[in-house]
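Colleague: In case you want the letters, here they are:
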Amino acid sequence: DVKVTQSSRYLVKRTGEKVFLECVQDMDHENMFWYRQDPGLGLRLIYFSYDVKMKEKGDIPEGYSVSREKKERFSLILESASTNQTSMYLCASTKDDGDPEQFFGPGTRLTVL
Amino acid sequence: GQNIDQPTEMTATEGAIVQINCTYQTSGFNGLFWYQQHAGEAPTFLSYNVLDGLEEKGRFSSFLSRSKGYSYLLLKELQMKDSASYLCAEGSGAGSYQLTFGKGTKLSVIP
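Protein sequences, first through last, are from chains Z and D.
Each step along the first sequence adds one to the number in the numbering used here, with nothing skipped, and position 70 is 70.
Each step along the second sequence adds one to the number in the numbering used here, with nothing skipped, and position 77 is 77.
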């Protein structure tokens, strides 16, 4: 079974703090993704990565950065958290073998006060 | 261009059939996906269509018309546990890896 785990289910931070959201997958997937999900807006892609040390901007990268130092781990970084970054953050991964199914982690609900 | 439209909410009766429609813009198209998401949980994969036609998988089927930029998800013999949001997503990029999601359709199944 593919397993995608995220470091926290719930996180509360203050405005201006640096926030790290961690995602780990155990199935040797090449591709990893970070989304945020907001009511009425659906899932929106923030960043993705096709390989170690590679990153690509998604639809809403502003205010975020990412790090992929190891194949199994993809980190989302909020350099200076703001209240409009309060959201559900979902990580996903896929294998680079023609099977396009994305496997999602359980999500991190981040609240920025 | 990936403007994806699907109804916001639908209600259907247990045991019935429901069809959830999705339209998308066809430029850069590389596959159409459906995901199911129960409240408070992560999305789970239901289906993937890259060619025209109907793909059947148990009680769920998905249809694609590339020329019309149209897909639907058909759920038969509805069960209460099918109450969830259904997310339509368009794939783009090499190998369909980049997904753009619609806002989701919240389906309520009533007795």
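It is worth saying that the hints were derived from the structure and are not from the lab.
One or more of the hints may lead you astray.
As a list, the in silico BS3-like pairs of lysine-lysine whose alpha-carbon atoms are at most 27 Å apart [claimed, not checked]:
id: 1; chain 1: D; residue 1: K57; chain 2: Z; residue 2: K57
id: 2; chain 1: D; residue 1: K103; chain 2: Z; residue 2: K95
id: 3; chain 1: D; residue 1: K57; chain 2: Z; residue 2: K3
id: 4; chain 1: D; residue 1: K68; chain 2: D; residue 2: K81
id: 5; chain 1: Z; residue 1: K3; chain 2: D; residue 2: K68
id: 6; chain 1: D; residue 1: K81; chain 2: Z; residue 2: K3
id: 7; chain 1: D; residue 1: K106; chain 2: D; residue 2: K57
id: 8; chain 1: Z; residue 1: K95; chain 2: D; residue 2: K57
id: 9; chain 1: Z; residue 1: K3; chain 2: Z; residue 2: K57
id: 10; chain 1: Z; residue 1: K13; chain 2: Z; residue 2: K57
id: 11; chain 1: Z; residue 1: K55; chain 2: Z; residue 2: K70
id: 12; chain 1: Z; residue 1: K18; chain 2: Z; residue 2: K95
id: 13; chain 1: Z; residue 1: K18; chain 2: Z; residue 2: K71
id: 14; chain 1: D; residue 1: K81; chain 2: D; residue 2: K106
id: 15; chain 1: Z; residue 1: K13; chain 2: Z; residue 2: K95
id: 16; chain 1: D; residue 1: K103; chain 2: D; residue 2: K76
id: 17; chain 1: D; residue 1: K106; chain 2: D; residue 2: K76
id: 18; chain 1: Z; residue 1: K95; chain 2: Z; residue 2: K71
id: 19; chain 1: D; residue 1: K68; chain 2: Z; residue 2: K55
id: 20; chain 1: Z; residue 1: K95; chain 2: Z; residue 2: K57
id: 21; chain 1: Z; residue 1: K55; chain 2: Z; residue 2: K18
id: 22; chain 1: Z; residue 1: K57; chain 2: Z; residue 2: K70
id: 23; chain 1: Z; residue 1: K3; chain 2: D; residue 2: K106
id: 24; chain 1: Z; residue 1: K3; chain 2: Z; residue 2: K71
Take a look, some chain D residues computed to stay more than 12 Å from chain Z by CB distance [as the list claims (entries may be wrong)]:
id: 25; residue: T13
id: 26; residue: N30
id: 27; residue: G104
Heads up, the beta-carbon is just placed ideally off N, CA and C, and yes, glycines get one too.
Colleague: Against each hint, give a clear statement of whether it holds in the structure.
Modeller: Hint by hint, here is what the structure shows:
Simply put, K57 (chain D) and K57 (chain Z) have alpha-carbon atoms about 34 Å apart, too far for the 27 Å limit, and the pair is violated. A distance of roughly 25 Å separates the Cα atoms of K103 (chain D) and K95 (chain Z); the hinted pair therefore holds under the 27 Å criterion. Our distance criterion of 27 Å between C-alpha atoms is met by K57 (chain D) and K3 (chain Z), whose separation comes to about 23 Å. Between the alpha carbons of K68 (chain D) and K81 (chain D) the distance comes to roughly 31 Å, so the proposed pair goes past 27 Å and is violated.
Taking the CA atoms of K3 (chain Z) and K68 (chain D), the gap is about 36 Å. The hint is violated against a cut of 27 Å. Of the pairs offered as hints, the one joining K81 (chain D) and K3 (chain Z) holds, with about 23 Å between alpha carbons and a cut-off of 27 Å not exceeded. The suggested pairing of K106 (chain D) with K57 (chain D) holds, with an alpha-carbon distance near 21 Å, which does not exceed 27 Å. Between K95 (chain Z) and K57 (chain D), the direct Cα distance comes to roughly 22 Å. Compliance with the 27 Å bound is thereby established for this hinted pair.
For a cut-off of 27 Å, the pair hint linking K3 (chain Z) to K57 (chain Z) stands: about 24 Å separates their Cα positions. Between the alpha carbons of K13 (chain Z) and K57 (chain Z) the distance comes to roughly 24 Å, so the proposed pair stays at or under 27 Å and holds. At most 27 Å may separate the alpha-carbon atoms for a hinted pair to count; K55 (chain Z) and K70 (chain Z) meet this at roughly 12 Å. A hinted pair counts as satisfied when its Cα atoms are at most 27 Å apart, and K18 (chain Z) with K95 (chain Z) does not qualify at roughly 30 Å.
Restraint check: the Cα-Cα separation between K18 (chain Z) and K71 (chain Z) comes to about 23 Å, which is no more than 27 Å; the hinted pair holds. For the suggested pair K81 (chain D) and K106 (chain D), the alpha carbons sit about 13 Å apart, so the restraint of at most 27 Å is met. As the CA atoms of K13 (chain Z) and K95 (chain Z) are separated by approximately 33 Å, the hinted pair breaks the 27 Å bound. For the hint pairing K103 (chain D) with K76 (chain D), the CA-to-CA distance comes to about 23 Å; that is within 27 Å, so the pair holds.
In summary, the hint linking K106 (chain D) to K76 (chain D) is supported, as the alpha carbons are separated by about 16 Å, within the 27 Å threshold. Straight-line distance between C-alpha atoms of K95 (chain Z) and K71 (chain Z) comes to about 11 Å, which keeps the hinted pair within the 27 Å bound. Pair hint K68 (chain D) plus K55 (chain Z) does not hold up; C-alpha atoms about 33 Å apart against a cutoff of 27 Å. About 19 Å separates the Cα atoms of K95 (chain Z) and K57 (chain Z), which keeps this hinted pair within 27 Å; it holds.
For the suggested pair K55 (chain Z) and K18 (chain Z), the alpha carbons sit about 20 Å apart, so the restraint of at most 27 Å is met. This hinted pair checks out: K57 (chain Z) and K70 (chain Z) have alpha carbons roughly 19 Å apart, not beyond 27 Å. A hinted pair counts as satisfied when its Cα atoms are at most 27 Å apart, and K3 (chain Z) with K106 (chain D) qualifies at roughly 26 Å. Annotation: proposed proximity of K3 (chain Z) to K71 (chain Z) holds, straight-line Cα distance about 14 Å (limit 27 Å).
For T13 (chain D), the non-interface assignment is confirmed: its Cβ lies about 26 Å from the closest Cβ of chain Z, beyond the 12 Å cut-off. Chain Z draws N30 (chain D) into its interface by the beta-carbon criterion, the shortest separation being 9 Å against a cut-off of 12 Å. A beta-carbon of chain Z comes within 12 Å of the beta-carbon of G104 (chain D); the shortest separation is about 5 Å.
When held up to the earlier numbered hints, the structure conflicts with 1, 4, 5, 12, 15, 19, 26, 27 and fits the remainder.
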